[in-house]
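Q: Sequence:
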Amino acid sequence: MVSTTNWSERFADLKREIVAAIPDYERRLTQSWNDLLQELDERTTEIVDEGSNYIPQVHFQYLDTLVPEQLDDIRRKGSIVIHGVVEEGEAVEWKTALEDFIKANPHVEGFPEQDKQLSFLYWTRAQVQARAHPNVLKVCTWINNLYRAKTDKKMEGVGLDVPLVYADSFHICRPGVPWNVHPPHVNDGSTERWEDSNFRRYFADILSGNWRQHDPYELEGRLDARVSLSGKPGQATAFRTFQGWLAMTETGPTQGTLKVFPDVPLSNAYTILRPFFRPTVPLDSEDILDPKNWMFDISTPDFPGIQPCDSGLVGQQPTPDLHPHLRLEDTMISVPKFNPGDMIFWQCDVIHSIEQEHTGSHDSAVMYIPAVAITSTIIDTVPQTPQNTAYVKRQAETFLAGTNPLDFASDGTDLPYVGLGVDADIVQPISRIAMGLPVAVA
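Here the sequence shown stands for residues 1 to 442, where the numbers follow the UniProt record's numbering.
Mixed in with the good hints, there may be bad ones.
EDC-like mimics (lysine to aspartate or glutamate), calculated; alpha carbons at most 16 Å apart, straight line [stated by the list, open to error]:
(1) K116 with E99
(2) K150 with E99
(3) K77 with E46
Okay, the calculated beta carbon distance ranges per label pair [unchecked claim]:
(4) D287 with I22: 53 to 61 Å
(5) V427 with G402: 13 to 21 Å
(6) R125 with A20: 28 to 36 Å
(7) I430 with D290: 50 to 58 Å
(8) D284 with A20: 16 to 24 Å
(9) L283 with G402: 16 to 24 Å
To be clear, the hints were calculated from the coordinates, so they are not data collected in a lab.
All residues carry an ideal CB built from backbone N, CA and C; glycine is no exception.
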């Protein structure tokens with residue numbers, strides 16, 4: 001597969017601009033690239049051998065007992081299944097409530113049109129209750145605290161112990177129905193990873209030839225990163241540390257579940273360095289993985305994995321052809337089996353996808369909430385930052401009005417829904433703070 005994107009020459013200039021700041025850049029980056037490929041060869045073999053067992057799992061009640069070595073393992077793999085966050089019966093009731101809501105509101109928008117499995121709903125009572133659940137917020141706080149500051153400098157307005165709600169939709173995957181909408185990809189930003197100076201600072205160690213020093217959990221550079229320089233639609237304007245599912249059904253491998261490439265430092269390093277190297281043999285060569293068959297090259301403007309769209313460029317969408325050393329056909333592993341009330345999280349840079357086939361006997365349901373999962377409810381973790389706080393305050397206005405959140409386009413029908421969540425559904429102070437709603441003072 002060869003990219004057909006018509007790249008502007010300014011992207012070749014961008015590559016040259018980036019490396020110009022690195023002394024002896026060709027030698028240093030080539031040495032780093034070769035070291036990275038050797039590490040990928042070893043790690044991808046390990047991932048393939050372990051399969052789903054490679055993903056860390058822990059029960060909710062034992063989160064605070066994990067030792068530093070276990071936390072570092074979770075950070076590196078970037079994904080985790082947390083069992084028993086919400087009572088199973090309560091999670092199942094949420095799925096039933098969502099299905100009842102759709103029946104009561106036949107004008108609900110979703111995809112695909114003929115059999116809606118991804119519903120563009122954000123404020124149903126079930127979703128509001130799930131996001132406000134104290135255990136969900138506790139887990140989001142725990143997940144947020146996997147991040148850290150590189151220095152002791154205080155970051156004004158940043159609080160990892162204050163979880164915020166980012167409203168998203170839900171997904172009910174039907175058995176036997178192909179799902180080709182979510183191939184391997186990374187959310188939030190395409191060429192911005194190289195173009196935006198703040199975002200680029202987050203990858204500074206990689207771009208200076210020191211990929212082993214890269215820490216995907218350093219907050220500096222990420223908090224102010226601009227993920228959409230051209231105003232592309234569908235980009236989250238809040239910083240989501242992790243994305244998540246809150247499971248509403250039992251789901252396992254081959255049943256429409258999540259797949260991940262479970263090594264964030266390696267996938268970040270490969271993604272960022274890949275545009276600076278090209279193969280000297282055909283992409284389908286048996287020797288494509290040999291480091292000797294790759295060379296440093298900044299003469300071309302292409303950025304493999306970035307795709308064109310109506311409003312500009314989208315990605316990252318790595319492919320087996322353009323990113324062969326990731327061995328995606330084998331290393332995109334399904335997360336382990338989970339049950340209603342469990343949560344699945346994956347760090348914001350994790351390459352992830354949804355299985356194309358669902359061979360199970362029942363629905364696989366997920367509620368999207370930045371930092372959680374149901375059959376899988378998707379819940380992304382959103383820490384308190386000035387940018388996020390401002391977003392949540394404006395998002396609260398859409399909740400009270402019953403309209404779509406800021407990052408999601410209106411369905412255009414202007415028809416009211418029956419059974420939306422309301423202010424009175426959010427009672428606990430921590431839940432109201434997370435939603436950007438006022439808290440009564442006694």
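Q: If a hint holds in the structure, say so; if it doesn't, say that too.
A: Results for each hint:
no., hint, verdict
1, K116 with E99, "holds, 11 Å"
2, K150 with E99, "violated, 45 Å"
3, K77 with E46, "holds, 12 Å"
4, D287 with I22: 53 to 61 Å, "violated, 29 Å"
5, V427 with G402: 13 to 21 Å, "holds, 19 Å"
6, R125 with A20: 28 to 36 Å, "violated, 55 Å"
7, I430 with D290: 50 to 58 Å, "holds, 54 Å"
8, D284 with A20: 16 to 24 Å, "violated, 34 Å"
9, L283 with G402: 16 to 24 Å, "violated, 50 Å"
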